[in-house]
Amino acid sequence: MALKTTEVEAKGGRSRHRSLGLSDEQALRIYEVMRLARAVDERMWLINRQGRAPFVISCQGQEGAQVGIAAALRPGSDWVAPYYRDAGVVLWFGMTARDQMLSFFARREDPNSGGRQMPGHFGSRRLHIVTGGSPVATQLLHAAGVALASKQRKEDAVTAAFFGEGAASQGDTHEAMNFAGIHKLAVLFVCENNGYAISVPQSQQMAIQNVADRAAGYGFPGVVVDGNDVLACYEVARQAVERARRGEGPTLIEAKTYRFTAHSSDDDDKRYRQAEEVAIWRQKDPIQRYATYLREAGTLLDPVEQEITERVNQQVEDATDYAEQAPDPTADDLTTFVFKQELKP
Amino acid sequence: MALKTTEVEAKGGRSRHRSLGLSDEQALRIYEVMRLARAVDERMWLINRQGRAPFVISCQGQEGAQVGIAAALRPGSDWVAPYYRDAGVVLWFGMTARDQMLSFFARREDPNSGGRQMPGHFGSRRLHIVTGGSPVATQLLHAAGVALASKQRKEDAVTAAFFGEGAASQGDTHEAMNFAGIHKLAVLFVCENNGYAISVPQSQQMAIQNVADRAAGYGFPGVVVDGNDVLACYEVARQAVERARRGEGPTLIEAKTYRFTAHSSDDDDKRYRQAEEVAIWRQKDPIQRYATYLREAGTLLDPVEQEITERVNQQVEDATDYAEQAPDPTADDLTTFVFKQELKP
Amino acid sequence: MAVKTVIEAIRDGMDEEMARDESVFLIGEDVGNRGGVFLASDGLYKKYGELRVIDSPLAESCIVGVAIGAAVNGMRPIAEIQFADFIAPAMNQIIEEAARFSYRTAGDFNLPMVIRAPWGGGVHGALYHSQSIEAMFAHVPGLKVVAPGTPADAKGLLKAAIRDPDPVLYLEHKRTYRLVKGEVPDGDGVVPIGKADVKRDGKDLSLIAYGLMLTYCLEVAEKLAADGISAEVLDLRTIRPIDRAAIIATARKTGKVLVVHEDTPFAGVAAEVMAIIMENAFDALDAPVMRVTGPDVPAMPFNHVLEEAFMPNPEKILAKARELAAV
Amino acid sequence: MAVKTVIEAIRDGMDEEMARDESVFLIGEDVGNRGGVFLASDGLYKKYGELRVIDSPLAESCIVGVAIGAAVNGMRPIAEIQFADFIAPAMNQIIEEAARFSYRTAGDFNLPMVIRAPWGGGVHGALYHSQSIEAMFAHVPGLKVVAPGTPADAKGLLKAAIRDPDPVLYLEHKRTYRLVKGEVPDGDGVVPIGKADVKRDGKDLSLIAYGLMLTYCLEVAEKLAADGISAEVLDLRTIRPIDRAAIIATARKTGKVLVVHEDTPFAGVAAEVMAIIMENAFDALDAPVMRVTGPDVPAMPFNHVLEEAFMPNPEKILAKARELAAV
Ligand SMILES: Cc1ncc(C[n+]2csc(CCOP(=O)(O)OP(=O)(O)O)c2C)c(N)n1
Ligand SMILES: Cc1ncc(C[n+]2csc(CCOP(=O)(O)OP(=O)(O)O)c2C)c(N)n1
Ligand SMILES: [Mg+2]
Ligand SMILES: [Mg+2]
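Heads up: the protein sequence lines correspond to chains S, W, G and Z, in order.
Last residue of the first sequence: 344 (numbering that gives the first Met the number 0), numbering continuous.
Last residue of the second sequence: 344 (numbering that gives the first Met the number 0), numbering continuous.
Last residue of the third sequence: 326 (numbering that gives the first Met the number 0), numbering continuous.
Last residue of the fourth sequence: 326 (numbering that gives the first Met the number 0), numbering continuous.
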């Protein structure tokens with residue numbers, strides 16, 4: 000039942016984005032958010048390696064899947080339940096570089112958690128980003144619940160839950176897909192399959208090639224897509240979103256991708272994967288690849304690229320400066336908000 | 000990937016059991032165990048309705064799947080992890096009517112639990128029946144673990160885990176199948192799909208027709224079989240056992256069946272299913288159906304049937320008398336065996 | 000005022016809140032057509048339809064996880080766990096998710112949701128239909144835990160729980176369902192979460208309990224009165240946040256306290272009550288605080304002899320209370 | 000005797016037991032090639048191969064459930080939970096299954112298995128890499144729970160746990176891994192489960208702790224000595240079955256007890272220690288037993304200011320100990 004769409008790229012040629020209904024501006028916006036996600040991430044590593052912040056966890060390599068899929072949603076009315084790599088998703092949904100950096104430095108102003116959670120633990124009620132903790136896969140059930148509420152109120156919002164192929168092994172993943180299938184909920188289950196769960200390769204995680212094949216067991220379609228092809232990701236997500244809005248139920252999208260960095264700043268990926276493998280995947284960098292396409296399509300002209308680069312750098316600089324200076328929480332902040340309180344003190 | 004074998008019955012005709020490699024004795028033994036399971040169960044309801052015991056949970060209607068599949072295993076060296084309906088399985092594996100009744104009356108001598116657990120919570124280390132609690136689906140992981148140990152010690156034992164289609168919704172079911180698939184463990188996952196989980200119909204339990212279709216998501220075959228056709232069950236189980244012993248990994252067998260009774264003596268099934276539906280399924284009684292076949296095959300002659308009936312009745316009488324007289328545990332038994340103790344006091 | 004059973008009070012409480020607020024809905028195993036295995040939701044499926052009374056798949060993590068998501072998106076779910084004994088598959092969603100949503104977002108998210116779970120023994124339920132689970136959950140900051148013992152409190156606390164902006168674990172003692180009857184105020188009575196209740200005034204010693212044990216302690220107090228011992232009975236009602244002031248007040252008043260619960264003793268609610276008294280009323284004690292609890296074994300056995308041996312009952316409580324009174 | 004860190008002691012303990020007994024094997028996330036995220040199993044995959052050092056899928060219920068099954072069938076699994084914070088998905092398998100196998104079969108089944116879980120904070124681990132989980136599990140009869148604080152105890156208790164016929168939850172404090180060094184006896188030293196250890200003799204007051212807090216309490220005792228206060232330090236080492244005799248003895252000896260843990264207070268281990276003392280040494284107390292614990296919030300925040308505010312540390316313990324000494 001898993002529909003292979005890896006061949007999607009062939010279609011459309013130099014005006015592929017237009018044939019997908021994306022204007023040049025939209026296509027460039029996607030590019031810019033991917034660039035921004037990458038740039039913030041790179042800066043965080045730099046700062047971490049200088050000992051100025053204790054922890055990074057990265058989106059690098061997965062920006063195509065993240066932004067491509069998020070771009071098919073409607074920020075503000077649709078919902079996302081991202082996981083820790085999904086900088087690309089949350090930036091598309093309205094988080095800023097500054098928000099990212101405030102979280103990275105665990106400042107009081109961090110909109111995700113007030114400095115309580117590690118970086119990468121996104122959440123914003125206002126932006127419709129469901130708060131995430133560290134335990135993997137729990138968010139798939141939250142997404143199903145968010146979608147249930149939309150159905151109960153007869154709203155057409157779509158909810159997308161993102162997770163790794165490791166998280167697919169958790170019972171919650173099964174329970175969420177089963178529930179969403181039964182109730183034909185408007186959910187996109189998006190598996191960013193980067194081949195590893197920390198050190199554990201896919202072959203030790205499951206006996207199958209495609210996580211997407213599991214969708215058949217829940218009565219909805221599974222789609223495999225090249226996660227490093229941002230437009231292909233956009234395309235399958237758009238189809239899934241349309242299906243969901245029509246009330247036809249969930250879709251499982253498996254984006255095959257790769258992470259460029261170690262699992263996190265606490266990990267040493269040389270213990271479990273070859274430098275050559277990383278190098279091969281770096282050749283398939285979703286940002287480079289998209290840039291090449293956009294240049295060939297005549298959409299990304301040199302001055303435009305330069306402007307984007309400047310804006311991105313500017314945001315990273317500003318965000319870093321702002322966040323590094325921003326105040327820490329105080330010891331008094333330790334005991335607030337165990338329960339709902341009407342006002343932030 | 001789910002291979003339909005509902006047509007199996009057509010093959011073989013009047014000597015079907017012989018073409019499956021079952022001698023007349025074996026075929027009759029299967030029949031007798033089905034009869035015994037049914038007879039003990041019926042007696043328990045009678046006693047319960049008389050107020051002499053507080054709780055029954057039944058195998059009635061599912062004996063074909065239970066005994067047919069168990070018969071493909073080797074009691075003593077193979078293992079089973081049954082669920083609460085599996086009287087047919089444990090009787091095949093060496094439990095006796097007396098054991099059943101001791102458990103039903105919660106006597107001290109109850110080999111499953113010393114009167115601690117409800118009836119239907121089977122377990123015997125000696126008989127290779129993994130102890131079951133009430134939480135559904137946990138036993139699938141236990142079965143995977145038992146099979147892992149067999150693999151680690153390079154033994155060819157096969158382990159069968161039994162569960163309902165409701166239990167298939169639990170995360171543990173997913174995790175167990177995934178693990179067994181990865182390690183190609185010698186496990187049979189046997190889903191006795193009786194269409195309901197207490198009151199919840201299959202349509203509210205999953206969006207698919209066949210639980211067996213999920214096997215594809217774990218890299219091993221799924222088979223649908225008519226659970227009321229004991230020989231068909233035996234056949235698919237034998238194939239799955241052979242595959243497992245060859246080291247080729249698990250099989251998911253879905254036996255479509257029905258429970259004749261309410262969920263348990265605490266349930267009122269009139270609240271959620273029609274008398275007509277029950278009546279239709281009673282027409283498909285696996286015991287009647289098998290008896291008809293055996294008679295037509297010339298295997299079940301009247302005197303044989305009479306002997307079997309007498310033996311079964313005899314066992315039920317003896318078991319009831321013995322167990323009803325048997326002593327209860329004493330208050331001192333409350334605190335023993337929280338941890339391993341060398342001797343039963 | 001009408002006399003109701005605990006189960007009726009719960010059903011009424013759900014019904015009234017569902018009528019009052021469209022965002023309230025029920026999800027759990029067999030809660031729909033079947034009306035729940037204890038008939039707690041009998042009639043609600045017909046009345047409110049399949050979008051508001053949802054038969055879930057057999058998966059507790061799903062029940063709670065979906066409830067969390069729905070609460071995020073503006074609903075007020077009541078998640079029913081069929082028996083408290085089957086809550087463990089949902090532990091991760093309850094403890095690591097629901098209890099931490101507010102804290103981990105510094106108040107940006109809150110979860111107005113109730114988890115209802117029938118608990119406790121004395122119903123021939125054996126190891127897996129008799130458990131006490133309150134200590135484990137009460138240990139977790141970020142959850143509220145209530146355990147009413149009377150129909151009025153059952154209804155009033157259920158309403159409070161449904162209207163509360165935070166996750167509440169609502170424990171309903173199975174044995175009290177039809178055993179305990181009492182007046183239930185008409186109208187929209189809410190019993191505040193976090194307030195214990197002196198169910199009987201006394202001066203010689205205090206019995207502190209909740210759930211079924213409240214009924215037993217009231218019985219014991221009656222018997223003690225016949226001996227000339229005046230026992231105060233404090234019904235905790237809410238286990239978390241616990242009413243420290245009420246505990247300290249009764250300890251200071253009588254100087255002798257007996258805490259009673261069915262749950263096993265180690266790091267249970269009684270231990271915490273003892274610690275609170277140790278820290279706040281040590282100087283007022285005339286005797287060490289004592290406890291009567293379930294025994295230190297994994298769970299309640301099926302056989303009736305063993306079940307009786309397991310359950311605290313009026314006789315056991317009375318014996319200990321007399322011991323305490325005599326110190 | 001060689002000086003080792005806690006993490007080395009654990010690695011050595013696993014290695015020696017795996018060499019000694021072919022039925023011992025390790026299963027968990029990243030324990031294989033990667034050697035565990037803390038390198039606790041570094042080298043073992045190479046040495047013992049893929050059938051004895053198994054990289055599990057990312058599923059804790061699977062890890063524990065498979066370990067249970069393997070233990071049923073003659074093996075002695077060590078199940079590693081990568082961080083104690085991620086044990087909740089396995090709660091059902093641990094509490095409702097592993098802890099009840101022996102009891103529910105009246106001794107027919109027993110499960111020789113160890114669940115290792117790195118716990119505790121002070122490592123910038125934030126809400127989900129810093130948790131204390133001991134109270135919830137210690138509450139459950141049928142489980143043994145150990146929490147060593149020194150390399151020698153870490154190794155000796157690990158060996159005891161692996162050889163034990165029952166399920167043991169083995170808690171290793173992450174902060175002690177490389178911080179705490181000490182002599183580890185050569186050879187096959189087993190530290191018995193269930194025995195506390197007086198790590199420092201004293202007569203004026205008692206500090207009771209385990210895990211990282213042991214190290215802090217020893218530091219505090221040193222400082223108190225400078226004030227002329229003689230503090231006894233009792234290391235529980237095993238939380239369940241708790242060493243009641245040792246607790247009662249030290250309480251009777253000094254008459255003043257301070258219990259210290261990182262875990263939140265409500266119905267925690269300190270509450271149980273206080274209850275035990277209340278019940279058994281009330282008459283010997285010169286002051287109420289006191290506790291220093293983590294605060295009553297869901298979990299330890301990431302930001303260093305908040306983390307420091309959360310963690311008990313020698314200063315906070317010292318202040319409370321002085322308060323107690325002065326009563
Ligand atoms: C329930 C749970 N167990 C363990 C962990 C520790 N952990 C964090 S990330 C991770 C691997 C996740 O792999 P995958 O889902 O493939 O996502 P990826 O990091 O590869 O994007 C593990 C084991 C966790 N966060 N949650
Ligand atoms: C974890 C858990 N939740 C709930 C229950 C209560 N319960 C007992 S049996 C049952 C239905 C099981 O249905 P199914 O798996 O289809 O088996 P069947 O009884 O139909 O044979 C339920 C909900 C339980 N035993 N365990
Ligand atoms: Mg991955
Ligand atoms: Mg069923």
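Possibly wrong hints are sitting among the right ones.
[Stated by the list, open to error] Here are the simulated lysine-lysine pairs, DSBU-like style, with alpha carbons at most 30 angstroms apart:
| no. | chain 1 | residue 1 | chain 2 | residue 2 |
| --- | --- | --- | --- | --- |
| 1 | G | 46 | S | 183 |
| 2 | Z | 202 | W | 153 |
| 3 | Z | 202 | Z | 46 |
[To be verified] Only some residues are given here: those of chain S computed to face chain G with a beta carbon under 10 angstroms:
| no. | residue |
| --- | --- |
| 4 | 120 |
| 5 | 123 |
| 6 | 127 |
| 7 | 132 |
| 8 | 141 |
| 9 | 142 |
| 10 | 270 |
| 11 | 277 |
| 12 | 279 |
| 13 | 282 |
| 14 | 326 |
| 15 | 329 |
| 16 | 330 |
| 17 | 332 |
For the record, the hints were derived by calculation from the structure and aren't laboratory data.
Beta carbons: idealized from backbone N, C-alpha and C, even for Gly.
Taking the hints in turn, this is what the structure says about them:
Distance hint between residue 46/G and residue 183/S is fulfilled; the C-alpha atoms sit about 23 angstroms from each other, no more than 30 angstroms. At roughly 58 angstroms between alpha-carbon atoms, residue 202/Z and residue 153/W are farther apart than 30 angstroms, so this suggested pair is violated. With a CA separation close to 49 angstroms, the supplied pair residue 202/Z and residue 46/Z exceeds the 30 angstroms bound. Given hint, residue 120/S at the interface with chain G, holds; its Cβ is 7 angstroms from that chain's nearest Cβ, closer than 10 angstroms.
Interface hint at residue 123/S: satisfied, since its Cβ lies 7 angstroms from the closest Cβ of chain G, which is below the 10 angstroms cut-off. Given hint, residue 127/S at the interface with chain G, holds; its Cβ is 9 angstroms from that chain's nearest Cβ, closer than 10 angstroms. Interface restraint check: residue 132/S against chain G, minimum CB-CB distance 6 angstroms, threshold 10 angstroms, status holds. Hint on residue 141/S holds. Least Cβ distance to chain G is approximately 4 angstroms, under the 10 angstroms limit.
Because the smallest distance between the Cβ of residue 142/S and any Cβ of chain G comes to about 6 angstroms, under 10 angstroms, the interface hint for this residue holds. Here the hint on residue 270/S is broken, as its CB sits about 28 angstroms from the closest CB of chain G, past 10 angstroms. Below 10 angstroms, beta-carbon pairs count as interface contacts, and residue 277/S has none with chain G, the closest being about 32 angstroms; its hint is therefore violated. For residue 279/S, the suggested interface contact is broken, since its CB lies about 37 angstroms from the closest CB of chain G, more than 10 angstroms.
With a cut of 10 angstroms, the hint placing residue 282/S at the interface with chain G is violated, because the nearest CB-to-CB distance is about 38 angstroms. Evaluation of the residue 326/S hint against chain G yields a violated restraint, the C-beta minimum of about 14 angstroms exceeding 10 angstroms. The closest approach between the C-beta of residue 329/S and any C-beta of chain G is roughly 13 angstroms, which is over the 10 angstroms cut-off, so the hint fails. Interface hint status for residue 330/S: violated, as the beta-carbon distance to the closest one in chain G is roughly 15 angstroms, over 10 angstroms.
Satisfaction of the interface hint for residue 332/S is found here, the shortest Cβ-Cβ separation to chain G being roughly 8 angstroms, below the 10 angstroms cut-off.
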